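These protein sequences, in sequence, are chains E and B.
The end of the first sequence is residue 129 by the numbering used here, with every number in the run present.
The end of the second sequence is residue 140 by the numbering used here, with every number in the run present.
I should point out that these hints are in silico values taken from the structure, not numbers from a laboratory.
These numbers come from a predicted model, not from an experiment.
Any given hint could turn out to be false.
[Unchecked claim] Below, in silico cross-link-like pairs of lysine-lysine (DSSO-like), each with a Cα-Cα straight-line distance of 27 Å or less:
1. B:Lys63 - B:Lys136
2. B:Lys98 - E:Lys63
3. E:Lys52 - B:Lys98
4. E:Lys87 - E:Lys63
5. E:Lys52 - E:Lys76
6. E:Lys98 - E:Lys63
7. E:Lys63 - E:Lys76
8. E:Lys98 - E:Lys52
9. B:Lys98 - B:Lys136
10. E:Lys76 - B:Lys63
11. B:Lys136 - E:Lys52
[What the hints assert, rightly or not] Incomplete in silico selection of chain E near chain B, CB under 7 Å:
12. Glu10
13. Gly53
14. Trp56
15. Val70
16. Ala114
[As the list claims (entries may be wrong)] Partial chain E-side listing against chain B, Cβ under 7 Å, derived:
17. Gly51
18. Leu54
19. Ala64
20. Tyr67
21. Asp85
22. Tyr91
23. Gly122
C-beta: ideal position from N, C-alpha, C; glycine also.
The residues making up each chain are set out below.
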Amino acid sequence: EVQLVGSGGGLVQPGGSLRLSCEASGFTFSDQYMDWVRQAPGKGLEWVGRIRNKANSYSTVYAASVKGRFTISRDDSKKSLYLQMNSLKTEDTAVYYCARDTQAAAFDIWGQGTMVTVSP
Amino acid sequence: QSALTQPASVSGSPGQSITISCTGTSSDVGRYKYVSWYQQHPGRAPQLIIYEVNVRPSGVSNRFSGSKSGNTASLTISGLQAEDEADYYCSSYTISATVVFGGGTKLTVL
Chain E
10 EVQLVGSGGG LVQPGGSLRL SCEASGFTFS DQYMDWVRQA PGKGLEWVGR IRNKANSYST
70 VYAASVKGRF TISRDDSKKS LYLQMNSLKT EDTAVYYCAR DTQAAAFDIW GQGTMVTVSP
Chain B
31 QSALTQPASV SGSPGQSITI SCTGTSSDVG RYKYVSWYQQ HPGRAPQLII YEVNVRPSGV
91 SNRFSGSKSG NTASLTISGL QAEDEADYYC SSYTISATVV FGGGTKLTVL
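If we strip away everything but chain B, and leave its shape as in the complex, we get (with noise of 0.2 Å):
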């Protein structure tokens, strides 16, 4: 199961929004709902912020929202902050009931 492609890196400054894609097959992005989105911070575990593709969970910022359109998931962040700055992940479910990841996007915040 190859990786899911994600660019390197994005960057945006304070306030404006930014989109990460995500890219797969019909083996797993495009087959499934379970497209999840993760922020992981220098030396911290990784923190789920979306998960089923556009669900947000409880305590995570409204600023954060995602989406799916065939083989390919997006995530948006909307009014970028300082504290954005992070590596993200997306992944997903594939037809072999296993779960594949992104290689991850490093965000600067300029």
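One chain only, chain E, in its complex shape (with noise of 0.2 Å):
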């Protein structure tokens, strides 16, 4: 079955730290451009960024709210996405997602979502 299983969200002070992490299984995961698009309570979704695979460098991309802050990697041994979050502001409070992206700019396959929230 094609599946992407996220992991490692929780209750995080402002300022602190997180590591999410995200398991591909059905799929070559190495060949895959990865993405994470993150949901605020009660809002709409926004695209946190992009890793592509190693034919294109591993390059990353990201939004202009959490660069400087995030840092995607992976790991294609583990078939396994990652996104460390550090500096992290109350207003980075949303459910996580990770996704397949088509390399169209298109999320195909999406992960259950992992709930991360910043409060004092």
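Join these two chains into a complex; the hints should help.
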């Protein structure tokens, strides 16, 4: 079965750090671009960033709102995607989804989402 | 990068057709064919229903169709069904190699 399973969410204080993980199965993970998308409670979707595949040098792109604070990485041997979040702010509170990117900026497989709460 | 503009809500009766618009700029929607649409039911992850403006993924009903004119993309749902009641989001690739989403549209089936 093709799926993404996210983990690592939780409660963290402002200024703190958290690392999310996303494990893939059912497809050739190493060939794919992978993205993170978040959704604040009761709000819309917000794209966070993308990591390309080895053929494209694992290059990354980030939304302006997280650039310099968040880092996306991957371990193809573990079929895993990561989101390292530093200097967290209350406005980073959201459900974070990992998603497979079709390379046409379309996300055809989504994880179940993992909740991150940034609060004093 | 500002969010794409969608109506906050639309409604229709079963069997009718509705259209949701998604307005961007010449740096995103107007520049690329990489416009997608997602359906999201409460408490669930989004599901891709249209990509590259008008392509339906395998398994998506042909009642869903997409189009684009200039800086505005549109999603049309024909033969409305109760199960179509959900939030709908558009997205586009941008000139900065990022992705921008619309604010979302809540569809109510009357």
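Problem set entry | Violated hints - listed by number, lowest first | Violated hints (numbers, rising): 2, 6, 12, 17, 19, 20, 21, 22; every other hint is consistent with the structure.
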